[in-house]
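As a plain string of letters, each chain reads:
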Amino acid sequence: MSTLRRMVNSFHRSKIDQEIDRELRSHLEMRIADNVAAGMSPEEARRDAFLRFGNRTVIKEEVAAADAPLIFDALWREVRYAARQLRRSPTFTTAALITLVLGIGANVIVFGVLNALLLRPLDVPQPTGLYNVVHQTPGYDSQSYPDFVDFQTRNTTFTGIAAYRLQDAGLTTANAAYRCWYYRVSGNYFDMLGVQPAYGRVFHASDERGPNSAPYIVLSHGFWVSHFDSDSRIIGATVRINKHPFTVIGIAPSVFHGTDVFIWPDFWMPMVDSPDAEGTDFLSKRGSHNIWILGKLKPGVSPQQATDNLNAIARELARLYPATDDGLSARLVKPGLMGDMIGDPARSYIAGIMVLALLVLLAACANLASLFAARTADRSRELAIRLAIGSSRWYVLRQLLAEAVLISLLGGVLGTIFSTALLRALTRWQPFPQFPIHVAVSPDVKVYCVALLLSVASGILWGLVPVRQVWATDSAQVMKSGAAGTMIFRRFAFRDLLLGIQITVCTLLVTSSFVALLGMQRSLHAPLGFKPQGVTLAETDMHMGGYTDNSSTQIQKRMLQEAAGISGVTAVGIINETPLGTGGSTTQVYRLGTADFRSSNSVFGAKYFSISPGYLEAAGTHLLTGRDFTWHDAANAPKVAIVNDRFARAMFGKTSALGRRFTLADKVSYEIVGVIEDGKYDSLTETPWAAMFFPLEQSPDTDTSLVVRSQLPPAEIVPQLRQVLTRIDPNLPFTFQSWPDALGLVLFPARVATATLGVMGFLAAMLAVTGVFGIAMYSVSKRIREFGIRVALGAQPVQLMRSALSRPLILLLSGTAAGLLLGVIASELLAQIVYQATPRDPLVLAAVMATMTILGLFAIWIPARRALRVQPAGLLREE
Amino acid sequence: MARNDLQGSLDLLVLKTLSQMGELHGYGIVLHIQRASEELLRVEEGSLYPALHRMEQSGWIRSEWKVTETHREAKYYRLTAAGHKELLKAEKSFEQLVKGVRAVLRYA
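Keeping their order, the protein sequence lines are chains A and B. Counting with the numbering used here, you get residues 423 to 1301 for the letters of the first sequence. Counting with the numbering used here, you get residues 103 to 210 for the letters of the second sequence.
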């Protein structure tokens, strides 16, 4: 009993409590003394004093309530008591902690990414009011330079609008050459963003005086440190970019990395300049959309007002320039996602994953709730005693809640530490060495706040579960019946419902991961319209060697000849941009005889590429009808094109497309000489594109991807390829990689989706196992005596198993069915990210059922063995 | 109408007592109120303490443990500057209450 007394004392004695007691006692003593002095007997004096004073217990409680500090004191006391309780049951505490670390950790990671990508403003001095201006059609986010200038000069709602585009180039100094990524930006870019140089100066709108008027660049701080050893003498020096001289005028501050969240460029160059001969042509072409524009709202202007303003301008431009600006419209989006190019898919994807992460936490809470409820049931005797000796139900509940919240906070802290480390690692990671991409997702205050909130909320969520248990406790009954067993085993406990929910959620998550994995598997084997296996790519932009579009064709011919001569090479070809690479260009296609070339008169928009003879064979693209190009399709020969099946059918229906003609906005008519199979051009999940291919000589391009097919592994081909290409021009920087490797960027979203879903599914499966295990173990342990008696009376193992495990099994099966159903619905969402993901696949259904059954059997195995091993004699002796 | 419930009246009595007597313990306050009101106002003695503690939390009074003339321990309360201000407010609103009630009683 002494333990109990100490426990009760620890509830009721605190410094402040004692002080209140002392004060009230002193009052009573003074009254008694006065009464005695007035002539009462000591007995009478006492009675009178108590009567005058009123109900001491009630008054003491009221005084305590008036003392605010006491509330904190009580809270601290509860926390200490809770900690003691948790230390006393290390198994429960460990299980709960692990569950919470996983559940909260997963959420913190996902929220960290969501925060960095969608919530955090750009790293510029005043990020408020910044928006990218894109078209209203989703996915159509680049603008033309003349349209940009008109938006800039005609609007009344922005303090400034700046333009930028991302490009790559070769940068050479006196003793080194690098391949760089840089931004070409409008002159007002730095001033509008309020970015001050760390050293030197930046350029301004006043520096722009027509094409190639401002041959200056501003280096990024990181590039300056890593490539110029932080040497400030570089300011004022001349470097060569694609062989053209540019002056370094300044270094950007270290925090500034441009206006895209994940891109870290090496330097900035005025947009009116170009190191390439044709690189400034677009400045006057209203039809070529290749810049992103970013505006800063005037103070007090709402995004809606600005959108209306821009749309009015767009309508005016459409009226003035119907051929190019027909249907022009504007929409404001959160800046920093490459003009919203990755905004739309990323938003729905991350939102989806966030929901899944919350579901994992919910499953974790359900798991903990059933564990906690079972624990409370085990402690029902202790709780009954506490209620019997006068503790209020509210007080007991608060105590239980304190335990739940305490352990949730602890789990939250551990989970946050673990996920912070992971987010930091993700930030350091550079997924694509050839691109300047950093996934900067270091957690900030917002992330920590969310972690705290989730911890407290989940603590309260599962801590409140035993409310009913405590409320229904009849102390006399519990103490009489001895072991807590009887009242707990109702036909259907709330705990069972929790387990059901948990299994449902887990099945949903497991379904999602299977769907994603299968979709990923399929997308790797989907018809791409080419066969990347066995192909090595050698890529360059011949601008970097000082060539123009027209002068590059001869060199490209030599490359083909030399590469074809390498032993083991079976086919070679050149394409300007590989499909599923950095993204080909699109243009509108018109029927022959069209006079008015506005885009609403076009048949469709189509991808277009320039290819050399032999490319189709090298790429493994099937020619359905017609012929491949030959070198006779030269610049002065009749204009010809090869189109894909979709193009042919959309334009000419079922009739043969061979020998038919179409036209483009350049008013040239092209004769179709071949039709090839459809393919993927931008992404694996795209809606099928029409595509057309022009002969290299009729549509020359400095962008060069040499496609080399061979039985030999890339490691053997690359050195020979490098050798022959260097012989042609030693100054041309080439990137070599196998085609499957190059597809990494395209497969990246699907890979990330699969990895995250895989992790979520794994977490969910773990939670399902622990949940089923916990409940089965508990039900066996509670009934072990009953089993002993039944065994003694001659019960068969099968009968025992049935009564011990039928409930967990029923829950497992019904939960799985419900989860599958939900999974089918939820995976519609998934199909947007993972190509060919469908949960209606019998294979997925079978896999999920098998997984859940195996997990369930695994979880039930140990409790079942325990039930079967019951030794009646031993058990009966124990009690 | 101002805060003129019973609670307000008890606060007023305590504040007034402390302002007149300087420093007093709870029992002393009870005795003073009974004596000064010529035994007309008899509060349940214990109910004084929640009020005292609440007023202390509000910063109107300050407390200190001291030894009485009869060598007992007792908690002594005294008025703070905020308490003086509160007393003036409470007196004013009580006078209004009395005026109001009297006016209603005279009517008819």
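Worth flagging that the hints you see were computed from the coordinates, not collected in a lab. Being a predicted model, the structure only gives us computed values, none of them experimental. We treat Cβ as the ideally placed atom computed from N, Cα and C, and that holds for glycine. Misleading hints may appear alongside valid ones.
Simulated crosslink set (EDC-like; lysine to aspartate or glutamate; CA at most 16 Å straight-line) [what the hints assert, rightly or not]:
#1 A:K1061 to A:D1088
#2 B:K118 to B:E171
#3 B:K168 to A:D1125
#4 A:K979 to A:D1125
#5 A:K707 to A:D572
#6 A:K482 to B:E146
Here are the computed distance ranges between Cβ atoms for each label pair [unchecked claim]:
#7 A:P547 to B:T182: 16 to 26 Å
#8 B:E141 to A:R469: 16 to 26 Å
#9 B:T172 to A:D470: 10 to 20 Å
#10 B:A183 to A:R815: 15 to 25 Å
Examples of chain B residues toward chain A, derived with CB under 8 Å [stated by the list, open to error]:
#11 G124
#12 G148
#13 P152
#14 Q159
#15 G161
#16 Y178
Now for the hints, and whether the structure bears them out:
For the proposed pair K1061 (chain A) and D1088 (chain A), the alpha carbon gap of about 12 Å is at most 16 Å, so the pair holds. For the hint linking K118 (chain B) to E171 (chain B), the alpha-carbon distance of about 23 Å lies beyond 16 Å, and the restraint is violated. Straight-line distance between C-alpha atoms of K168 (chain B) and D1125 (chain A) comes to about 94 Å, which puts the hinted pair past the 16 Å bound. At most 16 Å may separate the alpha-carbon atoms for a hinted pair to count; K979 (chain A) and D1125 (chain A) meet this at roughly 14 Å.
About 13 Å separates the Cα atoms of K707 (chain A) and D572 (chain A), which keeps this hinted pair within 16 Å; it holds. Distance hint between K482 (chain A) and E146 (chain B) is fulfilled; the C-alpha atoms sit about 14 Å from each other, no more than 16 Å. The beta-carbon spacing between P547 (chain A) and T182 (chain B), approximately 49 Å, falls outside the hinted interval of 16 to 26 Å. Roughly 20 Å separates the CB atoms of E141 (chain B) and R469 (chain A), a value that falls within the hinted 16 to 26 Å.
The hinted window of 10 to 20 Å between T172 (chain B) and D470 (chain A) holds, with their beta carbons roughly 18 Å apart. Taking 15 to 25 Å as the suggested C-beta distance range, the pair A183 (chain B) and R815 (chain A) does not conform, at roughly 44 Å. Below 8 Å, beta-carbon pairs count as interface contacts, and G124 (chain B) has none with chain A, the closest being about 18 Å; its hint is therefore violated. With a least beta-carbon distance of about 4 Å to chain A, the hint placing G148 (chain B) at the interface is held under the 8 Å criterion.
Interface restraint check: P152 (chain B) against chain A, minimum CB-CB distance 4 Å, threshold 8 Å, status holds. Proximity of Q159 (chain B) to chain A holds as hinted, the smallest CB-CB distance being about 5 Å (cut-off 8 Å). Given hint, G161 (chain B) at the interface with chain A, is violated; its Cβ is 11 Å from that chain's nearest Cβ, farther than 8 Å. A cut of 8 Å between beta carbons decides the hint on Y178 (chain B): the least distance to chain A is about 11 Å, and the hint is violated.
Going down the numbered hints, you'll see the structure goes against 2, 3, 7, 10, 11, 15, 16, while the others check out.
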